[in-house]
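Engineer: Below are the chains, spelled out letter by letter.
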Amino acid sequence: EVQVVESGGGLVQPGRSLRVSCTASGFRFGDFTVSWFRQAPGKGLEWLGYIQAKIHGGTIEYAASVEGRFTISRDDYKNIAYLQMNSLQIEDTARYYCARARDVLQWRPDGFDMWGPGTVVIVSA
Amino acid sequence: EILMMQSPDTLSVSPGERVTLSCRASQSVSSNLAWYQQRPGQAPRLLMYDSSTRATGVPARFSGSGSGTEFTLTISSLQSEDFAVYYCQQYLYWPPGYTFGQGTKLEIK
Numbered sequence: 006e007v008q009v010v011e012s013g014g015g016l017v018q019p020g021r022s023l024r025v026s027c028t029a030s031g032f033r034f035g036d037f038t039v040s041w042f043r044q045a046p047g048k049g050l051e052w053l054g055y056i057q058a059k060i061h062g063g064t065i066e067y068a069a070s071v072e073g074r075f076t077i078s079r080d081d082y083k084n085i086a087y088l089q090m091n092s093l094q095i096e097d098t099a100r101y102y103c104a105r106a107r108d109v110l111q112w113r114p115d116g117f118d119m120w121g122p123g124t125v126v127i128v129s130a
Numbered sequence: 044e045i046l047m048m049q050s051p052d053t054l055s056v057s058p059g060e061r062v063t064l065s066c067r068a069s070q071s072v073s074s075n076l077a078w079y080q081q082r083p084g085q086a087p088r089l090l091m092y093d094s095s096t097r098a099t100g101v102p103a104r105f106s107g108s109g110s111g112t113e114f115t116l117t118i119s120s121l122q123s124e125d126f127a128v129y130y131c132q133q134y135l136y137w138p139p140g141y142t143f144g145q146g147t148k149l150e151i152k
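Read top to bottom, the protein sequences are chains A and B.
Taking the working numbering, the leading residue of the first sequence gets 6, the next gets one more, and so forth.
Taking the working numbering, the leading residue of the second sequence gets 44, the next gets one more, and so forth.
Everything labelled a hint here was simulated from the structure, so no lab data went into it.
Every value quoted in this text rests on a predicted model; they were computed, and no experiment measured them.
Cβ atoms here follow ideal geometry from the backbone N, Cα and C, with glycine treated the same way.
Any given hint could turn out to be false.
Facing chain A, from chain B, some residues (calculated, C-beta under 7 angstroms) [as the list claims (entries may be wrong)]: (1) Pro87; (2) Tyr92; (3) Ala98; (4) Pro102; (5) Phe105; (6) Gly109; (7) Phe126; (8) Tyr130; (9) Phe143; (10) Gln145; (11) Gly146.
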């Protein structure tokens with residue numbers, strides 16, 4: 006089945022770190038740019054960052070709100086993308102989604118057409 | 044700073060009706076605008092990109108238009124599965140990167 010699935014969420018204390026994963030199947034993962042988004046409870050969507058496919062240079066870009074705290078990486082052999090989150094705060098509580106770019110040919114995608122169900126991160130003491 | 048503003052926040056409509064959702068950008072984004080649908084309890088789904096191009100598998104009852112700062116998403120005849128939250132998103136300005144509107148919720152009247 007062609008899909009991406011997030012994992013690794015959970016309850017974490019403020020100031021601690023957590024790494025969530027995005028496991029892909031059914032397609033050539035390495036050819037696609039992958040992005041991370043989040044959605045706080047009852048709120049809208051927020052883009053966190055993306056990692057380009059290596060064919061486009063593998064560039065990583067972040068939203069200003071998380072740059073310096075969050076790190077995106079990928080392992081194309083394992084078909085997994087990662088979101089490392091450090092110094093987590095209460096306001097980082099959200100469902101975290103990964104999504105695949107619509108078009109392999111674009112180095113900066115115009116849309117993300119495959120989303121996972123998300124993984125929930127709760128930051129609480 | 045680019046801001047995306049959607050109106051209205053909530054729209055109550057009946058199945059079968061035609062509905063138009065609006066999205067306004069604080070600066071011109073040309074046609075670099077996407078629309079996403081998020082049904083309750085589900086992940087977002089890409090509906091449109093480049094303002095008016097339907098994504099793969101999106102029914103023809105969905106259409107997008109606009110350029111610059113004013114955009115619309117029209118659903119010609121609402122089906123039960125269309126009751127959801129709709130987000131617009133710009134992808135012209137880097138930084139800040141992909142920027143979403145606050146969403147418009149379509150609810151059953």
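Engineer: For every hint, state whether the structure bears it out.
Structural biologist: Here's how the hints hold up against the structure:
1. Interface restraint check: B/Pro87 against chain A, minimum CB-CB distance 6 angstroms, threshold 7 angstroms, status holds.
2. Because the beta carbon of B/Tyr92 sits about 4 angstroms from the nearest beta carbon in chain A, less than 7 angstroms, this interface hint is met.
3. A hinted interface residue such as B/Ala98 counts as satisfied when its beta carbon comes closer than 7 angstroms to some beta carbon of chain A; here the least separation is about 6 angstroms, so the hint holds.
4. Taking 7 angstroms as the C-beta cut-off, the interface hint given for B/Pro102 is violated, the closest approach to chain A being about 15 angstroms.
5. Because the beta carbon of B/Phe105 sits about 14 angstroms from the nearest beta carbon in chain A, more than 7 angstroms, this interface hint is broken.
6. A least Cβ separation of about 15 angstroms between B/Gly109 and chain A goes past the 7 angstroms threshold, and the interface hint is therefore violated.
7. Hint status for B/Phe126 relative to chain A: violated, with the closest Cβ pair at about 17 angstroms, above 7 angstroms.
8. Here the hint on B/Tyr130 is kept, as its CB sits about 6 angstroms from the closest CB of chain A, short of 7 angstroms.
9. Proximity of B/Phe143 to chain A holds as hinted, the smallest CB-CB distance being about 5 angstroms (cut-off 7 angstroms).
10. Restraint check, B/Gln145 versus chain A: the minimum CB separation of about 5 angstroms is within 7 angstroms; hint holds.
11. The closest approach between the C-beta of B/Gly146 and any C-beta of chain A is roughly 5 angstroms, which is under the 7 angstroms cut-off, so the hint is satisfied.
Hint violations for this structure: numbers 4, 5, 6, 7, all remaining hints satisfied.
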